[in-house]
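Chemist: Numbering (UniProt numbering), first residue to last: 1 to 729.
Careful: at least some of the hints might be erroneous.
What the hints assert, rightly or not - The calculated label-pair distances, taken between Cβ atoms and stated as ranges, are: (1) Leu582 to Leu421: 54 to 62 Å; (2) Glu610 to Leu421: 26 to 34 Å; (3) Lys552 to Asn329: 17 to 25 Å; (4) Phe458 to His391: 42 to 50 Å; (5) Glu220 to Thr399: 46 to 54 Å; (6) Asn329 to Glu198: 58 to 66 Å; (7) Thr606 to Leu582: 42 to 50 Å; (8) Pro288 to Ala400: 22 to 30 Å; (9) Val381 to Gln427: 24 to 32 Å; (10) Tyr262 to Leu582: 32 to 40 Å; (11) Ser221 to Phe563: 54 to 62 Å.
Stated by the list, open to error - Straight line, CA to CA, 27 Å or less: simulated DSS-like cross-link-like pairs of lysine-lysine: (12) Lys552 to Lys139; (13) Lys93 to Lys377; (14) Lys494 to Lys252; (15) Lys276 to Lys374; (16) Lys93 to Lys366; (17) Lys374 to Lys325; (18) Lys252 to Lys325; (19) Lys412 to Lys380; (20) Lys366 to Lys380; (21) Lys414 to Lys380; (22) Lys424 to Lys434; (23) Lys552 to Lys325; (24) Lys366 to Lys414; (25) Lys325 to Lys491; (26) Lys424 to Lys412; (27) Lys93 to Lys434; (28) Lys558 to Lys574; (29) Lys245 to Lys325; (30) Lys377 to Lys366; (31) Lys227 to Lys199; (32) Lys366 to Lys434; (33) Lys377 to Lys412; (34) Lys434 to Lys374; (35) Lys276 to Lys424; (36) Lys186 to Lys199; (37) Lys374 to Lys424; (38) Lys199 to Lys366; (39) Lys199 to Lys374; (40) Lys227 to Lys186.
Hints in this document: simulated from the structure, not taken from any laboratory. Beta carbons are placed, not taken as given, at the ideal position from N, Cα and C, and that holds for glycine.
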Amino acid sequence: MPKNSKVVKRELDDEVIESVKDLLSNEDSSEDAFKKSELMVDDQEEKDVDVEEGSDVEDERPAWNSKLQYILAQVGFSVGLGNVWRFPYLCQKNGGGAYLVPYLILLLIVGIPLFFLELAVGQRIRRGSIGVWNYISPKLGGIGFASCVVCFFVALYYNVIIGWSLFYFSQSFQHPLPWDQCPLVKNTSHTFVEPECEKSSATTYYWYREALNISSSLSESGGLNWKMTICLLAAWVMVCLAMIKGIQSSGKIMYFSSLFPYVVLLCFLIRGLLLKGSVDGIFHMFTPKLEIMLEPKVWREAATQVFFALGLGFGGVIAFSSYNKRDNNCHFDAVLVAFINFFTSVLATLVVFAVLGFKANIINEKCVIQNSEKILKLLKVGNLSQDIIPHHINFSSITAEDYNLVYDIIQKVKEEEFDSLGLKSCQIEDELNKAVQGTGLAFIAFTEAMTHFPASPFWSVMFFLMLVNLGLGSMFGTIEGIITPIVDTFKVRKEILTVICCLVAFFIGLIFVQRSGNYFVTMFDDYSATLPLLIVVILENIAVTRIYGIDKFMEDLKDMLGFSPSQYYYYMWKYVSPLVLLCLLVASVVQMGLSPPGYNAWIEETATEEFHSYPTWGTIVCISLMVLAILPVPIVFLVRRCNLIDDSSGSLASVSYKRGRIIKEPVNLEGDNTSLINGKNPSEMPSPNFGKNIYRKQTGSPTLDTAPNGRYGIGYLMADMPDMPESDL
1 MPKNSKVVKR ELDDEVIESV KDLLSNEDSS EDAFKKSELM VDDQEEKDVD VEEGSDVEDE
61 RPAWNSKLQY ILAQVGFSVG LGNVWRFPYL CQKNGGGAYL VPYLILLLIV GIPLFFLELA
121 VGQRIRRGSI GVWNYISPKL GGIGFASCVV CFFVALYYNV IIGWSLFYFS QSFQHPLPWD
181 QCPLVKNTSH TFVEPECEKS SATTYYWYRE ALNISSSLSE SGGLNWKMTI CLLAAWVMVC
241 LAMIKGIQSS GKIMYFSSLF PYVVLLCFLI RGLLLKGSVD GIFHMFTPKL EIMLEPKVWR
301 EAATQVFFAL GLGFGGVIAF SSYNKRDNNC HFDAVLVAFI NFFTSVLATL VVFAVLGFKA
361 NIINEKCVIQ NSEKILKLLK VGNLSQDIIP HHINFSSITA EDYNLVYDII QKVKEEEFDS
421 LGLKSCQIED ELNKAVQGTG LAFIAFTEAM THFPASPFWS VMFFLMLVNL GLGSMFGTIE
481 GIITPIVDTF KVRKEILTVI CCLVAFFIGL IFVQRSGNYF VTMFDDYSAT LPLLIVVILE
541 NIAVTRIYGI DKFMEDLKDM LGFSPSQYYY YMWKYVSPLV LLCLLVASVV QMGLSPPGYN
601 AWIEETATEE FHSYPTWGTI VCISLMVLAI LPVPIVFLVR RCNLIDDSSG SLASVSYKRG
661 RIIKEPVNLE GDNTSLINGK NPSEMPSPNF GKNIYRKQTG SPTLDTAPNG RYGIGYLMAD
721 MPDMPESDL
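Given these sequences and hints, build the entire structure.
Modeler: Next comes the structure, spelled out in C-alpha cells:
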C-alpha cells in the first residue's frame with residue numbers, strides 16, 4: 001500500500017461522514033417543517049396545548065404542581081362523609097370484623113381494577129369524561145354526559161350536608177353546647193321542659209327542631225329555613241372560590257382539606273381510648289359474626305360501599321387524572337388511593353365505636369341507677385323480699401355486674417309477675433347494637449357523646465370542621481367531574497362556567513333547605529345516583545374491553561407505564577368485574593323493587609320517626625331522577641347511529657385528539673375526498689413531509705371515519721406521529 005493511502009482513506013471517510021451529516025440535516029429540516037405544519041402542535045414533554053379553530057393563541061392545559069397534590073386530590077375525592085358515617089354502620093350491621101373480608105375481596109376484584117381503568121383512560125386521552133368516552137366510542141359518548149348529570153344531582157344535595165355541618169360548627173363556640181340540655185318553656189304559672197325534647201333527647205330535639213325545623217311530611221313544605229339557606233349559600237361560595245381556577249386553586253386547598261380530617265380522627269381516637277367504655281365499643285365492633293358473612297345481602301352492601309367509596313362513574317377520577325403527565329404510574333396511584341380509602345374507613349370505625357362505647361357506658365350507668373331505685377322501692381313496699389338479694393350488694397354504689405346479678409335473680413323468682421315490675425336489663429351490648437348511620441350518627445349520636453367530653457366545645461368544633469373538609473374534598477371532585485368535560489368539549493371559560501354552575505345549583509338547592517328539605521335529601525340520596533352510576537360503570541367496562549379492545553388497551557398501558565400490567569387486570573376487566581357489576585345491578589333493582597319507596601318523617605306530637613310512603617308525585621320524581629341521569633346514553637347513541645345532528649358547526653364530532661391535544665376542524669358532510677382538514681384541494685395544499693399520514697373520511701361512508709387500525713369514530717381525524725407508537729388512544 002502506498003504511504004499516503006491512509007490519507008486517501010481518511011478523505012473518503014470524511015466524505016462519507018459529510019454525506020451522512022447532509023442526510024441527517026435534511027431529515028431534521030423535514031421534521032422541523034413537519035412540526036411547523038398546521039396539523040401539528042409543538043410537542044412539549046410536560047405541557048398539553050389546546051388549539052382552537054381560527055385562533056393562533058395556544059392555551060396551556062393545567063397540570064398538577066406535584067404528585068403529592070394529585071394524590072391528595074384523589075384521596076380527598078374518594079374519602080368522604082360515607083367513610084365516617086356509612087362504613088362503621090355497615091361493619092356493625094354485617095358481622096363486625098367479618099364484614100372486612102367480603103369488603104377486601106370486592107375491593108380487589110371490583111374496586112381497584114375499575115379505579116385503575118378510569119385513571120388510565122383519563123391520563124392517556126387527557127380529557128374529561130365526555131371527551132374520553134366520545135374518543136373511545138362516539139356511539140357511547142352519552143356515558144360522559146350521564147356522569148355529568150349524576151355529578152350535578154349529587155352536588156345539589158351533598159353541599160346541603162356541608163351546610164348542615166357549617167351550622168353545627170358555628171354553634172359549637174359556646175359552653176355548654178346548645179344541644180346539651182332540653183330547653184325550658186315558661187308560661188304564666190310555671191316552667192317545664194319542652195315536651196318534644198322530653199319525649200326524645202336533647203340532641204335529637206336540637207337536630208329536628210332547632211336546626212332543621214322539620215315539617216311532618218314531604219308534602220308540607222313549610223317555607224324556607226333561613227338559617228340553613230344562609231349556610232347553603234356559604235357552602236356554595238366556598239366551593240365556587242375553591243374551584244374557580246380549576247386545579248390551580250383547588251389543588252392548593254387539598255393540602256388542608258385532605259390532611260386535616262386525619263389529624264382530627266387521630267386526636268379523637270387517642271381521646272376516645274382514654275374514655276371509660278371505649279374498649280367495649282371497639283371489641284363489640286370487631287367481634288366477628290361469621291354466620292352473617294355468608295348472607296348475600298352482606299356481599300351486596302359491601303360491593304355497593306366499595307363502588308361508591310372510590311367515586312367510580314362520577315367522572316371526577318377521570319377529570320383529575322387527565323391533568324397528569326402521560327407517563328405517570330397510574331397503577332401505583334390506583335392501589336395507593338384504594339388502600340388509603342380502606343384504612344381511613346377502618347380508622348373512622350375505630351373512632352366512632354370508641355366514642356359510642358363511651359356513650360353506651362354512660363347510658364348503661366344511668367339505666368343501672370334508675371332501675372336500682374325501682375328495686376329499692378319494691379323492697380320497701382314489700383313486693384320483693386330482702387332475702388333474695390345477695391348480702392354483698394350495696395344499692396348506693398351498685399355496679400353494672402351486680403345489678404345484672406340481682407336482675408337475673410328477680411327474673412327467676414318472680415317469673416310470672418316480672419313484666420309488671422317494670423325493670424330493664426342494662427347491657428352495654430344492647431345499646432351498641434342500635435345501628436345508627438348517616439345524619440343520625442353525625443348530628444345526634446356523636447354530638448350527644450361529645451357533650452360528655454371534657455372541653456366539649458373544642459371537640460365539637462374539631463368534629464364539624466372535619467365533616468366540612470371531608471365534604472369539600474368530595475365536592476371538589478364532583479364539580480370537577482362537571483366542569484372539566486364541559487370546558488374540554490365546548491371550550492367555554494372555566495371561571496364563567498364555574499360561577500354559573502354554582503349559582504344554578506344553589507337556586508335549585510333551595511328545595512333542600514325548606515322545612516321538608518331533609519326528605520328531599522333522602523330522596524335524591526336513594527334514587528339519583530345508585531342505579532345510574534352502576535349502568536355507567538358497566539358501559540365504561542364494555543366500551544374499553546369489548547368495543548375498544550382489551551388487548552389494545554393492555555398495549556396502550558404498556559406504552560404509557562413503561563411495563564406490562566399484570567394479567568390479573570386483563571381477566572378482571574374482561575370477565576370478573578362485568579359479571580360482579582351485573583349481579584350488583586340486578587340485586588339493586590330487586591332490592592329497590594322489594595322496598596316500598598318512602599322516607600322516615602319526624603312526628604312532632606310523638607317525637608318519633610314514622611315511615612311514610614311517597615305521594616304519587618314523589619314517586620314520579622324518584623323515577624324521573626333515575627331516567628334523567630341515564631337518558632343521555634340512549635339519546636347520544638341514537639343521534640350518532642342515525643346521524644341526526646349536522647356536525648359542521650364544530651360540535652363534539654369534529655374534534656381531533658392527539659396525545660391529549662385537541663384540534664377542531666371543519667367536517668365536509670358531502671363526502672368530498674379532496675377536502676382535508678383545511679378544506680383545500682390537493683393542488684392548493686403543500687406537499688406532505690416525510691412521515692405525515694392523515695386519516696380522513698372514505699367515500700360512501702359519511703357517518704364513519706375509518707382509521708388503519710379498524711376502529712371507528714365519527715369525525716375523529718388522527719395524525720400518525722413519529723414519536724408516538726401506534727395506538728387507539
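Chemist: Which of the stated hints cannot be reconciled with the structure, identified by number in ascending sequence?
Modeler: Failing hints, ascending: 13, 17.
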